[in-house]
Amino acid sequence: GNSVTQMEGPVTLSEEAFLTINCTYTATGYPSLFWYVQYPGEGLQLLLKATKADDKGSNKGFEATYRKETTSFHLEKGSVQVSDSAVYFCALLNTDKLIFGTGTRLQVFP
Amino acid sequence: KAGVTQTPRYLIKTRGQQVTLSCSPISGHRSVSWYQQTPGQGLQFLFEYFSETQRNKGNFPGRFSGRQFSNSRSEMNVSTLELGDSALYLCASSHGTTNSPLHFGNGTRLTVT
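Protein sequence lines correspond, in order, to chains A and B.
Its first residue numbered 1, the first sequence is counted upward by one per residue in my numbering.
Its first residue numbered 1, the second sequence is counted upward by one per residue in my numbering.
I should point out that these hints are in silico values taken from the structure, not numbers from a laboratory.
A couple of the hints might just be wrong.
Here are some, though not all, of the chain B residues that point toward chain A, as calculated from beta-carbon distances under 7 angstroms [unchecked claim]: (1) Gly16; (2) Ile26; (3) Gly28; (4) Gly40; (5) Leu43; (6) Phe45; (7) Phe64; (8) Asn99; (9) Leu102; (10) Asn106; (11) Gly107.
Sample of chain A residues at the chain B side, in silico, Cβ under 7 angstroms [what the hints assert, rightly or not]: (12) Thr26; (13) Tyr39; (14) Leu46; (15) Thr51; (16) Asp54; (17) Asp55; (18) Thr102; (19) Arg105.
By construction, the Cβ of each residue, glycine as well, lies at the ideal position given by its N, Cα and C atoms.
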């Protein structure tokens, strides 16, 4: 079946540190992959996406590359800010249904 | 362009009651999906509607139902509420075509007492 596995949180970083949040998936076929971010009290915001192998999604300094050989879609950012503190969800889209990981809480301190 | 709008933002109901949640999608989007978010189970897919037809369904009991209107607006109904139905209910809209991303509303926080 389809599933997404994310690294456990929370991830705690100082401002300007490098961020990696690991995400691996299991899927039939070739799903699209997404990262969503959820700020406190809000819904999910689409952060970036990739629709096929070797695609790189990027937005607001965040990047993730669709790696078919390792079935991974790790989220990276070179220099995090306090305002990046949120919960990040990796997801795959298969037959119009999003399958989410459990979410990783990121806490960035000044 | 207005985003996905969900009403109400907060609801408090008692066990046994029923509740209806509303979702207005982004203009031009024909697909509306519903998700339940809880601390224990995370984000779980409820169902998806496209052009007024349920196209996909998750593993929830029949107490959870939905519908979509001709203007793509959608409602979700939960009957005979249970304490475990307390959750954030998120609606998402998309064009409904292959690989089209979902755009989420801010959710309705339902508390069942």
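Here is how each hint holds up against the structure:
no.: 1; hint: Gly16; in the structure: violated, 28 angstroms
no.: 2; hint: Ile26; in the structure: violated, 12 angstroms
no.: 3; hint: Gly28; in the structure: violated, 16 angstroms
no.: 4; hint: Gly40; in the structure: violated, 10 angstroms
no.: 5; hint: Leu43; in the structure: holds, 4 angstroms
no.: 6; hint: Phe45; in the structure: holds, 5 angstroms
no.: 7; hint: Phe64; in the structure: violated, 15 angstroms
no.: 8; hint: Asn99; in the structure: holds, 4 angstroms
no.: 9; hint: Leu102; in the structure: holds, 6 angstroms
no.: 10; hint: Asn106; in the structure: holds, 4 angstroms
no.: 11; hint: Gly107; in the structure: holds, 5 angstroms
no.: 12; hint: Thr26; in the structure: violated, 16 angstroms
no.: 13; hint: Tyr39; in the structure: violated, 10 angstroms
no.: 14; hint: Leu46; in the structure: holds, 5 angstroms
no.: 15; hint: Thr51; in the structure: holds, 5 angstroms
no.: 16; hint: Asp54; in the structure: violated, 15 angstroms
no.: 17; hint: Asp55; in the structure: violated, 11 angstroms
no.: 18; hint: Thr102; in the structure: holds, 5 angstroms
no.: 19; hint: Arg105; in the structure: violated, 12 angstroms
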